[in-house]
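Undergrad: Listed here are the chains, written in short residue letters.
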Amino acid sequence: MNPLPALVLLPLMGGVLAWVAGRMRAPINPSTSWWVVLATLSVETLILGMVTFAHRAHAGPWLEHFSMPWIPAMGIAVRLDMDGLSLSLIWLSLILCFLCVFLATRQVTAHAGAFHFLFLATLAGIIGTFLATDLFVFFFFWELMLVPMFVLIAAWGHEDRQRAAMKFFMFTQGSGLLMLLSILGLVMAHDRLTGVLTFDIFTLAQTPLSPALSMLLMLGFFTAFAVKLPVVPVHVWLPDAHTQAPTAASVLLAGILLKTGGYGMIRFNVMLFPDAASRFAPIAMGLGVAGILYGAWLSCAQDDVKRLIAYSSISHMGFVLLGIFSGSAMGMQGAIMQMLAHGLGTAALFVIAGAIQDRLHTRDMNRIGGLWAAMPRLSGMGLFFAVASLGMPGLGNFTGEFLVLLATWHVSPATATLAAIGLVPAAIYALRMVNRIFLAAPRAGLPSLEDFPVRHMAVLGCIMTFLIVLGLYPQPFRTFSVPSPLSVTASQEDHTP
Amino acid sequence: MATFLIPILILCPLAASLITFVSAGRMDARGIGMVACAGVGISAVISIILSVMLLSGPVTGVLQVTLWPWMHMPGFSADIAFMLDRVSMLMILVVTVVGLLIHIYAASYMYHDPGIARFFACMTLFVAAMLVLVLASDLLCLFIGWEGVGLCSYLLIGFWYDDPANTVAARKAFYMTRMGDVALLCGLLLLVTATGGSLRIGTVLAAVANGQLAPSGINMAALFILVAALAKSAQIPFQTWLPDAMAGPTPTSALIHAATMVTAGVYLIARLHDLFAMAVPVMALTAVLGALTLLMGACTALVQSDLKRILAWSTISQLGYMFLALGCGVWQAALFHLMTHAFFKALLFLTAGAIIMRAHHEQDIFRLGGLRHTMPGLTAAFVAGASSLAGLPLVTAGFYSKEMILSGVWSAHFNLTHGWTLSGPPLWGMALLGAFLTALYIFRCVFIVFCGKAGTGAAGRTSRLMSIPLGCLCILSLCGGVIEMPDTLLPLHLFSGLLDPTAVLSHTHQPAWLVMAGAGAPLAGLGVAWVLWGRSSPVMREIPGQAPVICPVRTGRGMDALYHYAFVQPFCLLAWLTRLDILNHAVTGTGLLIQTASARIFRARADFLGRLAIQATRMIRWAGHLLGLLHNGRVRWYAAWIAGGLCAGLAMAVLS
Amino acid sequence: MHALALLAASVTVVGAIMVITRRVAVHAVLYLVVTLLALAAVLVMQGASFAAMLEIIIYAGAIMVLFVFVIMMLNLGQTDSTREKEWLRPRAWLGPGILATIVCAELLYCRRPLSGPAPALAPITAHDVGLSLFGRYVLMVELVSFLLLAGLVSAFYIGRNRMGRH
Amino acid sequence: MPAFSFNDTLLLATALFSVGLAGILVRRNMVFMLMSLDIMLNAAALVFVGAGARWHDATGQVMFLLILALAAVETAVGLALIVCLHAHGRPTLDADTGNLLKG
Amino acid sequence: MTGHDVFLPMPLMVVSSGIMVMLAATTWRRSVERSFVGSMVTLVLALAVMGYHTGRMPDTGSSLFIQDWWAGYTAILTIFSSLCILLMAWRDAGHDRTTLVDEYPLLFMLGTLGALAMVFSANYMSFFLGLEILGISLMGLAAFRHRSFMQGCEAAMKYLILSGVSSAILLFGIGLAYGITGSLRFIPPIAAGDMPAALPVAATVMILVGMFFKLSAVPFHMWLPDVMEGAPVPVAAFLAVVSKIAIFASLVRYFGTGNQPPFFDDILSVVITLTILGGNLLALRQTSLIRLLACSSIAHVGYLLIAFLCPGRLQSGAITIYLLAYTASTLGVFATITAFAIHEGPDGTAIMQWKGLFFSRPFLASAMSLMLLSLAGIPPGIGFFAKFEIVATGVEYPRGLLLCVLMIGSIIGLYYYLNIIRMMMTAPSLPSPRQNRHARPELTVLVIVLSMIVVIGGLLPARAIHSLLPAPAGPPAVQDRMVP
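Respectively, the protein sequence lines represent chains A, B, C, D and E. The working numbering numbers the first residue of the first sequence as 29 and each following residue consecutively. The working numbering numbers the first residue of the second sequence as 3 and each following residue consecutively. The working numbering numbers the first residue of the third sequence as 95 and each following residue consecutively. The working numbering numbers the first residue of the fourth sequence as 15 and each following residue consecutively. The working numbering numbers the first residue of the fifth sequence as 410 and each following residue consecutively.
Note that these hints are calculated values from the structure, not bench results. Don't take every hint at face value.
What the hints assert, rightly or not - If you only want the chain A side, here are some residues facing chain B, beta carbon under 10 Å, derived:
no., residue
1, A357
2, A401
3, L500
Stated by the list, open to error - Derived coverage of chain D by chain B (criterion: at least 3 residues anywhere in the stretch with Cβ under 8 Å from a Cβ of chain B; other residues may be distant):
no., stretch
4, 31–39
5, 103–113
Ideal Cβ placement from N, Cα and C applies to all residues, glycine included.
With these hints in hand, go ahead and build the complete structure from the sequences.
TA: Here it is as structure tokens:
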């Protein structure tokens, strides 16, 4: 049995179960749906572990392959392939989901079943996005994951949630339409040349395209991914969405949803249109640097904790863009490392911000005051992840940033210097946050606050460990998460039977 | 053996840090202190063992440990790798031994502080990071320690976070050094690009020696690294953070902001001296900046009234000496001075801390006074440290190290491009002036604090735990210098022989009066200080005014008038000048400007791109509204549209 | 014959113009009857005497009577005609007039170069029409019955609602 | 010799059509609008008869008959509506004022 | 007169017989329930014979009617939609029993008959009669608004006058075409080459204008929001779904799906652009849900016309799936509105009334969201795939400008659809007086069935496309023949 469809479908089914469990009446424990989610995630982890550790049997770069015709008239098939990149990103998703489940979603009491269903549905969409190698299926999942996320933000978010949710949806959906155009353009171009209507990227990657056309198509893809990543001129949705989303949704957004943008750029921009991507690289790198500086600068000006973290994400994602378009394997790997590290670190920061909001009912740093005295554990964690986010060597972010900078330096030292300068405001916003929330004089009239219990600390401790391992011993992850080239198909033997 | 010991050496303080952090609130203060001291103590013992091993090995022997590959990929590789050679041996000894003494002191000093666990966690973490910094054989690995010590410094400066001023100071320190870090990062990127993918110090230096780098590349790399070192060591133009950093607890100031972290810049340049040797303009720049810094630091220290700030400025000034030495190519002298400076400055800080503690946290020297009687032990220790700092001839360690620098500077010569040259004697003159000023300000402090009328009453007594380290440091700062002597006195070159047995420094060709001058300047400074502040009715034992105060000439007191014109007036002028502290203002002003600009721009209209999006939405809504107005519900109007559409359609179809 | 045709045609158009310019509804109805009669004459001249008959009987006879009935029910008086006068200012005419003229001009432009085969001489008699109607197009007749049924039901419902509810 | 060629029929029909259209666009009274509608339908019917004459085809007159039925039905329903509207709230039968549905 | 001349497609026969039976039953005893049941049975029967017939008589029909895949498909859609709408109307009539309204189902049946006649027509005459039957019944239906009779009357009057104008234009055009070709068959007059160019063009344009009016493409769309708002909710659904399917079916049959003459292209491009932008922009400012749906249906016509304008391999699939998606989703929305009205009291036509529905009626709100998302073209609804296909046709037959318009329109559309969902998620400010009328199980079933169609169609669109691939027939295969 092939594990890939199970990976996608399992969260969905678990979600439905959770919903049903949430709607059950009295005798059932209200947290049943939570347990269902936990069980689902555990099974998912088991399957993923199986995939991870049993892949030695295959020799090729693609670990698993699954294919099933879907809409034969259009040449569309449910084609899922897994390589190291998608595997590592799925691992990241699962880890963050565990983080959410342990630290954030249990607090949701209003319509918990529905919340968990939407949560898992988002996860399913994200995993599908990471696995799909059929452009239509990819686009399907790409759009699919927006809907539950929209509802999560709009229904469970904070005060200005609905505007934020609308903004989020409009931006991502609108850019998705551009991608749709590009997908169809590519498919039709292939069709015109060969007479074969297919959405299979392995086949489409071989399409000979004129430079102008490939640039156009690449731009379509790029726009969609740029909005998701986000790249600076189109980042507008992100601060609002991150700020207003409930904690779990913020974690998913920052931790994984943004990564789908990076993932898409690697797989669909750089690998599908290598020439156009290399011609576009200077602009993309410029945008990346702009993102680094602009995001960091704006982050320094925020008073809202979650907003600050959100802008810092923009800054970090600038490095990802820079790395992807630096045109070397090193930059690509740096970008992947940065994605993983940013996913872990920022997610943890959002969890902490969410915990603060749960306790103090404010996100305004002026009104939070020093928490170290009241909540040393939470504050310690906050300090650690803030430091990670400013790019402390030895932690995951630095590995990514350094590789990206190195790759960029090979291309253009000036760009790399500018990007490196972005690390100074990074220190400013991170430490500003630390000194206004954690290490500051406690505000008068603070209610007695409950610190993180030990099990929460254990979960966050795991994230910490991951970050440290990523920072000090990234070698296995690095070799593991290399994206496989599209010229090699996983499934030559599977296609023929 | 070494492969085993070196990781342990680093792990010990790290483990102590983790234990103290995790045990916050569960372990009592004594236990925490013991754990921390044990961690640092074990590493001190190990470092001594390692030194013995190294010294017993061949002369050029190096202990190498590669723990695991960090990043290996085509075009770049970095390892978590350590290397113990003689330079790093010196450094680990300083770090662990001085660190141990300071930890022991701090265990008592911080005993009653509720945040002691956090304090020791940071302190031990700092030791670990510093050890990584000095032991790393890979520049990227060094960078871990480099940033790590910065972080610990930040945490410790802002240790008493209740006062916003402290946290501001902490952040200032971090930001300033962060700029340097960015420069260092750029330098590393440049080097790794040039050397083809490795940052091993050996590889880098070999590449430099082989001429793989273009001269401009070398200059750029050296410049980047110099900026990093300047920032870390609080040299011009980054000097402003260090005095503010005195907001931290005194042991922190002693360990981080005097003995070890601020010398990391010196260490880095000394480590890469082969690279710098090829970059003559950068060397000249280093020397000039060092000389300027040492003068400026000394002058500023002369007019400070806060005990710890005096010491902080003096640290800047002494680091200036080291940079001067580095710039002149006598890196051994810089390291020597680094070591002695670690001893006496730690001593001074610790003593100051003890004094302040007993004097009810009074730091203003003008409110102290007459402590000679109440705290004789501390007085002795402070005087020992002060004389070593001033470099009183023969009996202090500071004299020998300073002498080594001075003689090195004298014979320096820079061939800059386009025929410009810079030779040593002017720099030497500045250094000598600095020596005079050093003695002047430190003894000003000594006389004001310890002589005269009693100021604030003292309470309690210095605990034994605090006095032991003081004693040890006293001995070290007085006698630690005899291992290297000027040729004029005795051709003893143990230290430079230790560092680099192949190239022992000797300045036999220099005139003997150089040594005399070097010995005389501090003495002169001491004398002037005695005249000004030490006599029973001191002229200037009051707080200098804010504005240039020209004291009225007191009639009938010829000697006084002479003093007045010779010293008081220049002093007041100096006070006025340094109080303006133009550089400090410039740097702070720039920071403030950026801050206000960002606040102005982004607080007022947050994220103008977001505004743009909102405007676009508004336009679309407006269009919709306008269109809605057409739907006024009138049938005739609707029919007119149909007719118009028919009209247009016919026209399009027929006329096309 | 031509003169007659010209006369009938012009009466038709002039009558139509009078219809849309009258202030009093009954006058307009009368002009409409005139128009329809003239149109019937035109139809006769085209050899469609059956159609002309229908035009007179159904249109001018039945439908116009319906109009007259309704106008009587509405009981329009002097105030209405003055209001109509007010509504028929030249300004109100301007835009619609231009629009209608343009449409007319465009249609005429399209028509201009038209020349078709000469129509056959033999008129189409009621017999032909009947054959066609109940032969090929018998289903259409059935459909028309449904059309009339729909109209009947609608009008009945609307009319009943007026009586019953208010 | 026919009195009307198809061409002439079209001319007349076009004129009638435009007049009817103008009537609909100009008149605010719904009764007049209905009358104008009838004029337009008559114009269309005329075209059919003319075309039937041109091709000598009875279909044209069948269509004429159908259009007649349509006109009758529309007039009937329209007048019923007019009576209704007149009774409830729009006594002036003005098409422009008193519209509840707009925007 | 041949056998073909009296050929009447079975569904038409069944529906007309049903109407007559109902009429006869009415003379015996008037009963609303019985009328509804009778009409629904008739429609189910028609559906049944539909399935029987489509297999047997795939193409060339008589000169009046034609029965092929395309006609069969659209007829099924029409009948199915009428069935759903009747189900909705049942409660509309049921909850207000002060007057006997057995004309209500009768008029629906007449309207369906007209629509079916249009769908099956192969001749101007049958097409025109069908159109008018549909139109006249709609006039009657629009006045069936019980609570606000005046609005209903006004809507009916507007519809009457405007559709009269458009009918006159259409008839004029048909007359011209008849004059040119001498036949009432569906042949675009361009094909007959013996006439000068301008007149056929004028005829085509006038016919197009008539059709555009009924389709409510933009310069001719103004009546739709007003009429839909004034009419009862099921009638609005009828307007939005049945009449549009029927007219679109005839449009496709009339103009075929091949390459069109250039002037046609130009006009259609302009109309599509205006339609998409206008419809979406108009919908932005609506506060009435029905008006909003009217505007959005205008926009959807624009999308559909893009597929119509882009001949190619994907065209037929795109049109069929889009019709299905549009029908199912729109009906779903209307069904939800009706169900809402039963549950919550107010008739659910103002968006504000939907506030907080996610918390009080999660099922209803979820169904509504699903339908709206499907209309917006977002998975998992069938609308997603439909829009995908539309874009695919646009890309295949490169129409960059129209695609840009489509994109902008979709984004704007997304906004107002989401706005409704957003409104449902807002916590209600004060609890509305809950009248809690009787729950109608049939409406719940209807909503569930429509949701299933939307979801299954979204997940397995292959079936829908596959079986209907040969659907839109081009111009009838029979060659033009002069009527003797």
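Undergrad: For each hint, tell me whether it holds in the structure or not.
TA: Structure-based check of all given hints:
1. Look at A357/A: its Cβ gets to within about 7 Å of chain B, closer than 10 Å, so that hint holds up.
2. Interface hint at A401/A: satisfied, since its Cβ lies 9 Å from the closest Cβ of chain B, which is below the 10 Å cut-off.
3. For L500/A, the shortest C-beta to C-beta distance to chain B is roughly 7 Å, which falls under 10 Å, so the interface hint holds.
4. With a cut-off of 8 Å between beta carbons, the stretch 31–39 of chain D has 3 residues touching chain B; three or more are needed, and the interface restraint holds.
5. Counting residues of the stretch 103–113 of chain D whose beta carbon lies closer than 8 Å to any beta carbon of chain B gives 3, which reaches the threshold of three, so the coverage claim holds.
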